[in-house]
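S.K.: Protein chains in written order, with our numbering: chain V, 1 to 359; chain F, 1 to 312; chain B, 1 to 253.
A portion of the hints provided could be inaccurate.
Residues from chain V shown here face chain B by an in silico Cβ test under 7 Å; the list is partial [stated by the list, open to error]:
{"id": "1", "residue": "R41"}
{"id": "2", "residue": "I138"}
{"id": "3", "residue": "R142"}
{"id": "4", "residue": "A227"}
{"id": "5", "residue": "S228"}
{"id": "6", "residue": "A231"}
Cross-link-like lysine to aspartate or glutamate pairs, in silico, DMTMM-like; alpha carbons within 20 Å at most [stated by the list, open to error]:
{"id": "7", "chain 1": "B", "residue 1": "K238", "chain 2": "B", "residue 2": "D208"}
{"id": "8", "chain 1": "F", "residue 1": "K267", "chain 2": "F", "residue 2": "D220"}
{"id": "9", "chain 1": "B", "residue 1": "K90", "chain 2": "V", "residue 2": "D274"}
{"id": "10", "chain 1": "F", "residue 1": "K267", "chain 2": "V", "residue 2": "E343"}
{"id": "11", "chain 1": "F", "residue 1": "K267", "chain 2": "V", "residue 2": "D274"}
Quick caveat, the hints were computed from the structure, so don't treat them as lab data. None of the values given here were measured: they were computed from a predicted structure. C-beta atoms are modelled at their ideal positions from N, C-alpha and C, and glycine is treated no differently.
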Amino acid sequence: MSKHWPPRRQTSRVLETLEVLRQNQAFRVLETLKVLRKVSRNALAFLTFALVVGTLPLWLHSPYLLSTAIFIGIFTIVTLGLCLLMGYAGQVSLGHAAFWGIGAYTSAILTVKLGVSPWLAMIIGVAVTSGVAYLIAIPIFRLREHYLAMATLGLGIIVTLAFGEFRELTGGPSGLPGVPRLTVGSFIFDGDVEYYYLVWGVVLLLIGLSLNIVNSRVGRALRALHASEAAAASIGVDASRLKLQVLVLSAAYASVAGSLYVHYMQFVSPHAFDFGVSVRLVVMAAVGGLASVWGAPFGAAAVMLVTVLLREALPLVIPNASGEHITIFYGLVLILIMIFMPEGLTRGVIESFRRNARS
Amino acid sequence: MPNYDLSNYLQFILSGLSTGSIYVLVALGVVTIYSVTGIVNLAQGEYCMLGAMLAVTFIRWGLPLGLAAAAAIIGVTAIGVLIERLTVQPARSASSITLIMITVGVSIVVRGVALLAWGTAPFSLPAFTKGPPLDVLGAAVSLQRLWILGTAVVTLLLLYFLLERTLLGKAVRACAINRQAAGLMGIAASQMSALVFALSAALGAVGGIVIAPLMLASYDMGLMLGLKGFVAAVIGGLTSLPGAVIGGLLLGVIESLGAGLISSGFKDAIAFLVLLLVIFARSGRFPNRLGRRPARAGELAGRGARPTETRP
Amino acid sequence: MLAVDHLTQIFGGVVALDDVSFEVAEHSITALVGPNGAGKTTLFNIVAGAYAPTAGTVRLAGRPLNGLPAHARVELGIGRTFQNALLFDKMTLLENVMVGRHARSGQGMIASALRLPAMRQEEERIFLEAMRCLNLVGLGMHARTPAGSLPFGQQRLAAIARALATEPRLLLMDEPAAGLNTLERQGLADLIRTIQEMGITVLLVEHDMRLVMQLAGWVVVLDHGRKLAEGTGDQIRKNRQVIAAYLGAEAGS
Numbered sequence: 001m002s003k004h005w006p007p008r009r010q011t012s013r014v015l016e017t018l019e020v021l022r023q024n025q026a027f028r029v030l031e032t033l034k035v036l037r038k039v040s041r042n043a044l045a046f047l048t049f050a051l052v053v054g055t056l057p058l059w060l061h062s063p064y065l066l067s068t069a070i071f072i073g074i075f076t077i078v079t080l081g082l083c084l085l086m087g088y089a090g091q092v093s094l095g096h097a098a099f100w101g102i103g104a105y106t107s108a109i110l111t112v113k114l115g116v117s118p119w120l121a122m123i124i125g126v127a128v129t130s131g132v133a134y135l136i137a138i139p140i141f142r143l144r145e146h147y148l149a150m151a152t153l154g155l156g157i158i159v160t161l162a163f164g165e166f167r168e169l170t171g172g173p174s175g176l177p178g179v180p181r182l183t184v185g186s187f188i189f190d191g192d193v194e195y196y197y198l199v200w201g202v203v204l205l206l207i208g209l210s211l212n213i214v215n216s217r218v219g220r221a222l223r224a225l226h227a228s229e230a231a232a233a234s235i236g237v238d239a240s241r242l243k244l245q246v247l248v249l250s251a252a253y254a255s256v257a258g259s260l261y262v263h264y265m266q267f268v269s270p271h272a273f274d275f276g277v278s279v280r281l282v283v284m285a286a287v288g289g290l291a292s293v294w295g296a297p298f299g300a301a302a303v304m305l306v307t308v309l310l311r312e313a314l315p316l317v318i319p320n321a322s323g324e325h326i327t328i329f330y331g332l333v334l335i336l337i338m339i340f341m342p343e344g345l346t347r348g349v350i351e352s353f354r355r356n357a358r359s
Numbered sequence: 001m002p003n004y005d006l007s008n009y010l011q012f013i014l015s016g017l018s019t020g021s022i023y024v025l026v027a028l029g030v031v032t033i034y035s036v037t038g039i040v041n042l043a044q045g046e047y048c049m050l051g052a053m054l055a056v057t058f059i060r061w062g063l064p065l066g067l068a069a070a071a072a073i074i075g076v077t078a079i080g081v082l083i084e085r086l087t088v089q090p091a092r093s094a095s096s097i098t099l100i101m102i103t104v105g106v107s108i109v110v111r112g113v114a115l116l117a118w119g120t121a122p123f124s125l126p127a128f129t130k131g132p133p134l135d136v137l138g139a140a141v142s143l144q145r146l147w148i149l150g151t152a153v154v155t156l157l158l159l160y161f162l163l164e165r166t167l168l169g170k171a172v173r174a175c176a177i178n179r180q181a182a183g184l185m186g187i188a189a190s191q192m193s194a195l196v197f198a199l200s201a202a203l204g205a206v207g208g209i210v211i212a213p214l215m216l217a218s219y220d221m222g223l224m225l226g227l228k229g230f231v232a233a234v235i236g237g238l239t240s241l242p243g244a245v246i247g248g249l250l251l252g253v254i255e256s257l258g259a260g261l262i263s264s265g266f267k268d269a270i271a272f273l274v275l276l277l278v279i280f281a282r283s284g285r286f287p288n289r290l291g292r293r294p295a296r297a298g299e300l301a302g303r304g305a306r307p308t309e310t311r312p
Numbered sequence: 001m002l003a004v005d006h007l008t009q010i011f012g013g014v015v016a017l018d019d020v021s022f023e024v025a026e027h028s029i030t031a032l033v034g035p036n037g038a039g040k041t042t043l044f045n046i047v048a049g050a051y052a053p054t055a056g057t058v059r060l061a062g063r064p065l066n067g068l069p070a071h072a073r074v075e076l077g078i079g080r081t082f083q084n085a086l087l088f089d090k091m092t093l094l095e096n097v098m099v100g101r102h103a104r105s106g107q108g109m110i111a112s113a114l115r116l117p118a119m120r121q122e123e124e125r126i127f128l129e130a131m132r133c134l135n136l137v138g139l140g141m142h143a144r145t146p147a148g149s150l151p152f153g154q155q156r157l158a159a160i161a162r163a164l165a166t167e168p169r170l171l172l173m174d175e176p177a178a179g180l181n182t183l184e185r186q187g188l189a190d191l192i193r194t195i196q197e198m199g200i201t202v203l204l205v206e207h208d209m210r211l212v213m214q215l216a217g218w219v220v221v222l223d224h225g226r227k228l229a230e231g232t233g234d235q236i237r238k239n240r241q242v243i244a245a246y247l248g249a250e251a252g253s
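My request is simple: use the sequences and hints to build the entire structure.
M.R.: In structure tokens form, the structure reads like this:
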């Protein structure tokens, strides 16, 4: 800015500018206070969340629910990336389970077949998944958004098929058992409680990182892109590159979730990553709120808990009820959310509360 | 690679052409909907499934084949319009990705309802004419495959006639070229929307009915058919009907040859590998164009534009 | 600063621009005028990089721009405003202008995720410079207001602030005065002169001929995609062809 600033020419202009800068100082002090308030609001939310999550196992006595909570955590990690991708970059991924699966299988294969350390395998998994996302993204983002939807759809199906077909490598349709636990030194993440803290620790870390991204130069550029791609380009935002970065990021998150998943289940099979799972991930993101970091854990939790509830309650109401009913339910949920609250359920509900409060 | 001779290759190609014809029918539906409304309808395959299943049901109720097929086509067309009214109309000004997700939701719901109505067991539809396969230069071509090819040709002719010779068809084409201008000429966008959904549903139903004797009808037959027909449409360029025809036939043949020559386990993957290849190839031809493209189908209606974006 | 050479643009069957050539001198305020449909916005879009011309070249300070995408042109120093502001409605004014600093800053995703010190310092700089731009157009006190809730005239100014934040060498302004009242137009004229004093070359499309005559050192007239005439304000005012084109299309001014 120094080249053109302050503007040259008359002295009066210089004085004007100095006056403006002086007023600016006062404004800056006020603003810093406001920013501090905002930062502390975010920090407060984070601490509260961490507290709730941290104390959950203490009063959650059912091992089944604890296990569910672990799955919610794993799903949250994937949904987090998906929310960023769908909400900020405005792209649909109809095959996100593929990234999850690639991370999972990489971890499984490396640890089972090659005896690689689980943490290293996780890192390699992230690298592989990010690489795949990068390769797809390069040509895609110059095209309209539905091309990514198609490409991820295709990728998802190819990857699921590959998992089933390359039997020597992946164990084929019956899967790959014997995946070891994660360890730190001599401590083994064996029990559900330890694993819960591990998974949710990662969740908190990633939420923190995601919030940092959203409140930064990159995050602003993403929000600008979401609002008006033409205007964003006119002020220098490279849309394709940003979208690519977000896709790679969301793939990396999914990969981490995949690794955590296999080390928990100690088993991996292709069925856990098919098209239906990808759709369920989209529903989780939609329920949680597409452009919302905090929405991800809520979306994942809501969908999982409702699934659990339906599985228990539905057979009482409709005899012979099965998983298909639940799937139909989610299809309807997706349609309704997209029609009436395309920004996501949580956002839509908050907005309507705000509107009612005002009137 | 096993040792094949000419008759084997011919076999692959002919069976590829007939499967490809189904992809053509699905692709035509996808292209029609996309050109006129800008919506990428990922639920297209479900119309095939519904056509097949309804035909099976009507036959079980005692209707003769011809009547059952006709009734099924009419029924699926009605369902198509219903879907359009219930799910697309309320969201017609939404963004592209919202609409894609709605169609995904629709496909899930339709599949689920079909599962509830018909269960998981596959049904078989009797072949249209009984008889042994024909011998064409050493390749065995089942009569049903000839039916498929024939039906596809007849359907194409009917479609051509509809679009080129009737006023309604011309209205559809006008909408596809320039929706805003068509609106100014008195062509109602929402009516056109319902019409193309009806048309696509009918096309899908025909495809489903005619392949059912070969494929076995079940509640999830629509997913793969729909996705592959969709790939065929993308090969042809998403906005071109002749492209859809070429794309469908090409995809069918490639898939058939690939499955025969390389591996049958990966048969389904072939279509999607082709999809990825086509998308990558196509991206090379698109320079970085943002917000302003020559008025393309569906775009002037604001489909695909972000809601806050206005055109100067 | 800007050289447009034999620029032609054909959309389908419509010839929007027909062999248009002219130059914009550095540090000048040049106006692009013409009846509606003359191709002015099309020309802007091509210079800004929204799409490639059917034929012809655009050069910025001698450097050909062909094939460069819009965001790359911003880095080279082309800024633009739109007829209808196109602010990011749900973001605050300050955030809008901060996005304008995007091309002049570089901290990426990883640095942002970890909030490295370099990133925090850059955020501070971005904040300061965005505030400066807002103050320049007189909107400093509205920094925290959501952009969508401001009246139209102020949205326009905010868009200008945002474009200024990109540190342009050449600023393309598309009908900045449209919809403004007399008082606002005067403020706008002052602002544009200030921008010129900052060393920025201004190319503006405008229908308000009084404003054009006030500000512009050079005027280029387009009609039906062709360059009709160019010259100083006085020369254009007296040019017969220009008068005929305008009286044929619209009265007044």
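S.K.: Determine for every hint whether it applies to the structure shown.
M.R.: Hints and how they fare:
no.: 1; hint: R41; in the structure: violated (15 Å)
no.: 2; hint: I138; in the structure: violated (15 Å)
no.: 3; hint: R142; in the structure: violated (9 Å)
no.: 4; hint: A227; in the structure: holds (4 Å)
no.: 5; hint: S228; in the structure: holds (5 Å)
no.: 6; hint: A231; in the structure: holds (4 Å)
no.: 7; hint: B:K238 x B:D208; in the structure: holds (17 Å)
no.: 8; hint: F:K267 x F:D220; in the structure: holds (17 Å)
no.: 9; hint: B:K90 x V:D274; in the structure: violated (36 Å)
no.: 10; hint: F:K267 x V:E343; in the structure: violated (38 Å)
no.: 11; hint: F:K267 x V:D274; in the structure: holds (17 Å)
The structure fails hints 1, 2, 3, 9 and 10 (numbered hints given earlier, in ascending order).
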